[in-house]
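Undergrad: Put chain B on the given structure of chain A with help from the hints.
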Amino acid sequence: MSGAVAEGVFVEAGEGLQLIAGRRKTDGEMRFPMPRGPEAALYDAVELGGEGRLWSFTVQRFRPKTPPYIGDNDEKSFKPFAVGYVEFPGQVIVEGRIQIDDFSKLRIGQPMCVGPEPFATSTRGEVTTYAFRPAS
Amino acid sequence: MTQVHIVGAGIHPFGRHPDKSGLDQGVHAVREALADAGLDWPDIQFAFGGSSAAGAADAALPRLGLTGVQFINISNGCATGGSSLLSGYWAIKSGEFDLGVVLGFDKHPRGAFNADPEAAGLPLWYGETGMMLTTQFFAMKIRRYMDLFGISETSLGRVAVKAFENGAVTPHAWRREPVDLETVLSSQMLSDPLTKFMFCSPAEGGVALILASDSKMRELGIAGPSVRGAAVRTRPRGSFEVFAPSLDVERGVSATQLASRAAYEMAGVGPGDIDVAQIQDTESGAEIMHMAENGFCADGDQEQWLADGASRLSGKLPINTDGGCLACGEPIGASGLRQVYENVQQLRGRAEGRQVAGARLAYSQVYGAPGLSAVAILGA
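Residue numbers (this note's numbering), protein chains in the order written: chain A, 1 to 136; chain B, 1 to 380.
Everything labelled a hint here was simulated from the structure, so no lab data went into it. The beta-carbon is built from N, C-alpha and C at its ideal position, and this holds for glycine as well. Some clues are possibly wrong.
Stated by the list, open to error - Have a look at the derived ranges for each label pair, beta carbon to beta carbon:
| hint | chain 1 | residue 1 | chain 2 | residue 2 | range |
| --- | --- | --- | --- | --- | --- |
| 1 | A | D44 | B | S314 | 56 to 64 Å |
| 2 | A | V11 | B | P178 | 50 to 58 Å |
| 3 | A | K65 | B | T67 | 36 to 44 Å |
As the list claims (entries may be wrong) - With a straight-line cut-off of 30 Å between C-alpha atoms, the simulated DSSO-like cross-links for lysine-lysine are:
| hint | chain 1 | residue 1 | chain 2 | residue 2 |
| --- | --- | --- | --- | --- |
| 4 | B | K316 | B | K196 |
| 5 | B | K141 | A | K65 |
| 6 | A | K105 | B | K141 |
One chain only, chain B, in its complex shape:
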């Protein structure tokens, strides 16, 4: 059966770049990924790409080359990058193609994302009365979780401290300065219990990955990690999602739990086998809850994990080794692919300054509105 490998990876550093468009950053990433794989654009048979606020991804074509390549634009909220990767994965797995690129880029204005109720299938009054904010959802989800499972505000702070610690040693990160626990906890409260330093910010950046079948990879004489499992799942009944005017009294599992289980099953591995993980940390609380939703620990165990530094670079399972969304910011179209880029660097032993020694199996999970999750498991 065909195996899918990531044979090239490119990134435009995340942050704010007033002199560059989102598209500029996406094109930069594709050229870097091609160079990394030793390929030229005419070699590429297909592309899947997306941005949320920086235009159509296929606007890159006149710059990269009008080769007639199949190019499909992807739009799937915060999971756009993960969805592009999955599309590329299936394109090769199906046997139709054996070499392609997935790309994502974005450029957002400052401040919370603007939300349009009607575009989300919600009544206008939901936004008019001040409830259509992703920040409120994140705050209420972790508030309840903290109450049910005994998670402290200090733990929320520790997640952010770790993120900035890792960002400081990551060339593509936006926030490159460590921030101490006291500063995180005492920074401006945005949506209780989450402070300013516990939230990621909309940002800019671009990422591209070159995918190849195992046979094509051998033919070209190149190499790269394999995609062992990849899945996208949407919100099941009883889950708690962003922009929900009401919830079922009967509680159920999350989209992340569904995607996670599916990816583990495809890969034939379990959470205990993972050496390094990138999980959605839109804010500190999300990372804590996603540690459990992805199976890395039981609900409530995060308190001890964080006190012990178990998810730091030196810990038993390093999480968000490049500083995640908290240190890199969130350019929606690029964010999920940044996680995979970081895992590719880790598995190739190229994550200078933040390398997890001997990493063989790497996990990534991105969560997006209005309730979907994309998981990818890579093997060295």
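Here chain A stands alone, though its shape is the one from the complex:
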């Protein structure tokens, strides 16, 4: 059994998941994640579409500092991971980790979908976040 890295960032939907953004009630401005705390009252929660397009990307080649990073691996066993922004048409552009083996295959504009990625282990078990991957 795995746990989400945080509450209210995404909901599981079949084998994939859906990201939860917020739409500001006054002007429709969308942001991700859905704001929490007192700000939440100003927004309506909106589930983002399942597919978007890659807007930009990079590869994280060195292990991010801890804190705040909680991912598995120490400096030596660290495996680079891709990160990027995906544009959900008419909604919002969202940043996330990207699951892909061959980084050279990433292209701006390619269709991407979103799913769960267990990326760390805590005392309570696996920690899952959302991640993008090329849509097949």
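TA: Just chain B now, with coordinates in the frame of chain A:
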């Protein structure tokens, strides 16, 4: 109307100084600036200063003298120095003061800057999942820009080569050795498409500038470049900034474009009038994008500019003449003031080994997290 002049400038060389604190380097810079202007600390009526990681700037007071001077600490990310300058500018412009100092210093540990999500108003998971790195932002901003406007990896390399070429002839620079294009391009990839030699490193250093009104300057019988325009602007909606979990699908302009336009308007000049420019080059890509955001060329023209060497010391618009952040490193509190220090040297004809002949109008722009930009235009 009151004009603001920079009548003294001091710097502690950038780099790593294990035997000195950040404060030591800041105090060094203030004493050098005072000596440059022929003034003593008790002459100073106000001070604005900041450091990001080396403590409160007003800790310099017991060393400089407990004169009761108005001293305000500034904290504004990478634009701390630019913000101190702007504060000093308005203090004199308002007519309340006519002689003061702005200072910045810093000392950071090695490696990427540590980032605290909650201090930036972001959820903790953003950092926990490995996305809170300034390096990723810079890489993704230039990746998209390269795709949209046809900028090559060779151009990224050329920016770094130029930086080290200029650093080699600059006494206050940290990296004093030229590095060839092949070495830059083949060095360790840190965040694609940016390699190790394309990124600046956190560093140490201190800078101080003495500001005076035109009437005070004449009364004291001293001289220095005037501040023709100065502006700080924050991120507008639709801009692409560091530490952004999401972006608007409707794209807009950047904080740099806003600050740039405001400063040009104040100065009554345009980008074509500028003789020498210092623009934020946290990494090679930032310099390329900032060339366009500050109005010096159209998006995509950088490819030709860099192939022609147009931003080298011998080019039509020399950019980052002291090697910028790439060759000097980035002590956050001091970095923006280093740009202005370099412009003061250029306008006074004191930039030995890197002097831009006949420079009359000099431009500086510093960009900082979480999305603000400070621009200053100086006239000889």
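Undergrad: Would you mind confirming whether the straight-line C-alpha gap from K141(B) to K65(A) stays at or under 30 Å?
TA: holds, 22 Å
Undergrad: Indicate whether the distance between the beta carbons of K65(A) and T67(B) respects the range 36 to 44 Å.
TA: The hinted range 36 to 44 Å holds for K65(A) and T67(B), with Cβ atoms some 41 Å apart.
Undergrad: Run the distance test for K105(A) versus K141(B): straight-line Cα separation, threshold 30 Å.
TA: holds, 19 Å
Undergrad: Is it true that V11(A) and P178(B) lie within 50 to 58 Å of each other by Cβ?
TA: With Cβ atoms ~55 Å apart, the hint holds.
Undergrad: Run the distance test for K316(B) versus K196(B): straight-line Cα separation, threshold 30 Å.
TA: holds, 28 Å
Undergrad: Assuming the hint says 56 to 64 Å, is it satisfied by the Cβ distance from D44(A) to S314(B) or not?
TA: holds, 58 Å
Violation of the numbered hints given earlier is absent; every hint is satisfied by the structure.
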